Amino acid sequence: MNYKNPDQHGYYGEFGGAFIPEMLYPNVEELQSGYLEIIESESFQREYQSLLKNYVGRETPLYFAKNLSEKYNTQIYLKREDLNHTGAHKINNAIGQVLLAKRLGKKRIIAETGAGQHGVATATACALLGLECIVYMGEIDIQRQAPNVARMKMLGAEVIPATSGSKTLKDAVNEALRDWINNPSTTHYVIGSVVGPHPFPDLVARFQSIISKEIKEQLLEQTGRENPDYVIACVGGGSNAAGAFYHFVDEEDVKLIAAEAGGFGVDSGKSAATTFLGTLGILHGSKSLLMQTVDGQVIEPHSISAGLDYPGIGPFHANLFKENRAEFFSINDEEALQSAFQLTRIEGIIPALESAHALAVLDKKRFKTDDIIVICLSGRGDKDMETYLKHL
1 MNYKNPDQHG
11 YYGEFGGAFI
21 PEMLYPNVEE
31 LQSGYLEIIE
41 SESFQREYQS
51 LLKNYVGRET
61 PLYFAKNLSE
71 KYNTQIYLKR
81 EDLNHTGAHK
91 INNAIGQVLL
101 AKRLGKKRII
111 AETGAGQHGV
121 ATATACALLG
131 LECIVYMGEI
141 DIQRQAPNVA
151 RMKMLGAEVI
161 PATSGSKTLK
171 DAVNEALRDW
181 INNPSTTHYV
191 IGSVVGPHPF
201 PDLVARFQSI
211 ISKEIKEQLL
221 EQTGRENPDY
231 VIACVGGGSN
241 AAGAFYHFVD
251 EEDVKLIAAE
261 AGGFGVDSGK
271 SAATTFLGTL
281 GILHGSKSLL
291 MQTVDGQVIE
301 PHSISAGLDY
311 PGIGPFHANL
321 FKENRAEFFS
331 INDEEALQSA
341 FQLTRIEGII
351 PALESAHALA
361 VLDKKRFKTD
371 DIIVICLSGR
381 GDKDMETYLK
391 HL
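Counting along the sequence shown from 1, when you hit position 104 you're at 104 in this note's numbering, and nothing is skipped either side.
Hint data in this document are derived by calculation from the structure and do not stem from the laboratory.
Since we're looking at a predicted model, the values are computed, not measured.
Positions of the beta carbon are idealized from the N, C-alpha and C atoms, including for glycine.
Just so you know, not all the hints are guaranteed correct.
For each label pair, taking beta carbons as the anchor points, the in silico distance ranges come out as [to be verified]:
| id | residue 1 | residue 2 | range |
| --- | --- | --- | --- |
| 1 | Arg46 | Thr279 | 16 to 26 angstroms |
| 2 | Gly165 | Glu47 | 30 to 40 angstroms |
| 3 | Tyr25 | Gln143 | 28 to 38 angstroms |
| 4 | Ser164 | Arg225 | 19 to 29 angstroms |
| 5 | Gln338 | Gln143 | 17 to 27 angstroms |
| 6 | Glu158 | Lys390 | 23 to 33 angstroms |
| 7 | Glu226 | Ser41 | 25 to 35 angstroms |
| 8 | Tyr388 | Tyr25 | 14 to 24 angstroms |
Once the Cα atoms are required to be at most 27 angstroms apart in a straight line, the calculated DSS-like pairs of lysine-lysine come out as [claimed, not checked]:
| id | residue 1 | residue 2 |
| --- | --- | --- |
| 9 | Lys368 | Lys66 |
| 10 | Lys390 | Lys270 |
| 11 | Lys255 | Lys213 |
| 12 | Lys4 | Lys153 |
| 13 | Lys255 | Lys322 |
| 14 | Lys102 | Lys216 |
| 15 | Lys102 | Lys53 |
| 16 | Lys167 | Lys53 |
| 17 | Lys287 | Lys270 |
| 18 | Lys322 | Lys364 |
| 19 | Lys153 | Lys102 |
| 20 | Lys53 | Lys213 |
| 21 | Lys270 | Lys167 |
| 22 | Lys270 | Lys368 |
| 23 | Lys216 | Lys365 |
| 24 | Lys255 | Lys216 |
| 25 | Lys53 | Lys107 |
| 26 | Lys255 | Lys365 |
| 27 | Lys364 | Lys66 |
| 28 | Lys390 | Lys153 |
| 29 | Lys287 | Lys322 |
| 30 | Lys365 | Lys322 |
| 31 | Lys270 | Lys216 |
| 32 | Lys390 | Lys255 |
| 33 | Lys287 | Lys167 |
| 34 | Lys365 | Lys4 |
| 35 | Lys216 | Lys71 |
| 36 | Lys4 | Lys287 |
| 37 | Lys287 | Lys255 |
| 38 | Lys66 | Lys365 |
| 39 | Lys71 | Lys270 |
| 40 | Lys167 | Lys153 |
Turn these sequences into a full structure, and let the hints guide you.
This is the structure in structure tokens:
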């Protein structure tokens, strides 16, 4: 099975598609008909790859975590996306999409953000490439991610609070979609994860696939083999995981593990573990798994990490789950916190709370001594210091 690429209608198995208001058809069709030709062109790739190298700072290190490996008696490598410019993997996609928007003649960029990393990355790309930037962010996330809000404003972006619903990521996406409906001709919506109507899940996955491309090259150089035994990444919508899985997903010898946000626990009513709690439905323009009531109302998610506080999962990952291609774990808030403190104290790396969910899988599953495990460290913990300090 080809897990990587959707069919011509944007479906990964039964998940995906484009469920959009009539006003957005011209925009989405313009993207669908032209995105592959543009992003695969020599001129686009030349500019994009140059910016990834000389501006973002790629390639990011694949670091053998000696102390962590000794503790768990296995071979653990960390893909250091936290060392990218702006502090997370989000910049890979933001620069790619803003470059694409410029080629489509768009003057105005909108984005949604939860943890703030995608907002910062989009604001950064817009500052660099000279486009207007508006970022929608849940009111609660604005409070808990104040450093990133300050960065966005300093970069020239307008940050607009989403004050409806749970006032988190889901609501920010809703507000961004409303804006796009009202400004279809001038505006490109830079979706930050592998969610939304086709072609966004595929577009974002392709821009993030640089992560697994580098892992293969770096692992070959360091160990003599391209493929690890396991790749572990956190999943909300799932962009860092899509990037980390992308070049391994059709290779059955590589086991894929996704860590979802369990919040207070899967049965607590305060969770974001979509594959454990979700059912088939339509959210933000695509058919996927989402947490919803019997009559289709979205259930408010909860996670200590703003970037995983989302009631759905991208269609790319929903398909991996349904086909048993990836194993999904639910990681509670407390487990993520403990894993973050452990990495900080034994490796001297402060991870983002999102990434800490992936690290927590090490306490949930037993690995063999000679297993090679790559964990995507999707972001750094600067933005989460206030939360960490409360739990020290």
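Structure-based check of all given hints:
no.	hint	in the structure
1	Arg46 to Thr279: 16 to 26 angstroms	violated, 44 angstroms
2	Gly165 to Glu47: 30 to 40 angstroms	holds, 38 angstroms
3	Tyr25 to Gln143: 28 to 38 angstroms	holds, 36 angstroms
4	Ser164 to Arg225: 19 to 29 angstroms	violated, 50 angstroms
5	Gln338 to Gln143: 17 to 27 angstroms	holds, 24 angstroms
6	Glu158 to Lys390: 23 to 33 angstroms	holds, 30 angstroms
7	Glu226 to Ser41: 25 to 35 angstroms	holds, 27 angstroms
8	Tyr388 to Tyr25: 14 to 24 angstroms	violated, 45 angstroms
9	Lys368 to Lys66	holds, 16 angstroms
10	Lys390 to Lys270	holds, 20 angstroms
11	Lys255 to Lys213	holds, 16 angstroms
12	Lys4 to Lys153	violated, 36 angstroms
13	Lys255 to Lys322	holds, 15 angstroms
14	Lys102 to Lys216	violated, 31 angstroms
15	Lys102 to Lys53	holds, 20 angstroms
16	Lys167 to Lys53	violated, 36 angstroms
17	Lys287 to Lys270	holds, 23 angstroms
18	Lys322 to Lys364	holds, 21 angstroms
19	Lys153 to Lys102	holds, 22 angstroms
20	Lys53 to Lys213	holds, 14 angstroms
21	Lys270 to Lys167	holds, 15 angstroms
22	Lys270 to Lys368	violated, 34 angstroms
23	Lys216 to Lys365	holds, 23 angstroms
24	Lys255 to Lys216	holds, 14 angstroms
25	Lys53 to Lys107	holds, 25 angstroms
26	Lys255 to Lys365	holds, 13 angstroms
27	Lys364 to Lys66	holds, 20 angstroms
28	Lys390 to Lys153	holds, 26 angstroms
29	Lys287 to Lys322	holds, 14 angstroms
30	Lys365 to Lys322	holds, 20 angstroms
31	Lys270 to Lys216	violated, 37 angstroms
32	Lys390 to Lys255	violated, 35 angstroms
33	Lys287 to Lys167	holds, 23 angstroms
34	Lys365 to Lys4	holds, 26 angstroms
35	Lys216 to Lys71	holds, 25 angstroms
36	Lys4 to Lys287	holds, 17 angstroms
37	Lys287 to Lys255	holds, 25 angstroms
38	Lys66 to Lys365	holds, 19 angstroms
39	Lys71 to Lys270	violated, 31 angstroms
40	Lys167 to Lys153	holds, 20 angstroms
Violated hints, listed in ascending order, are 1, 4, 8, 12, 14, 16, 22, 31, 32 and 39; each of the other numbered hints is respected by the structure.
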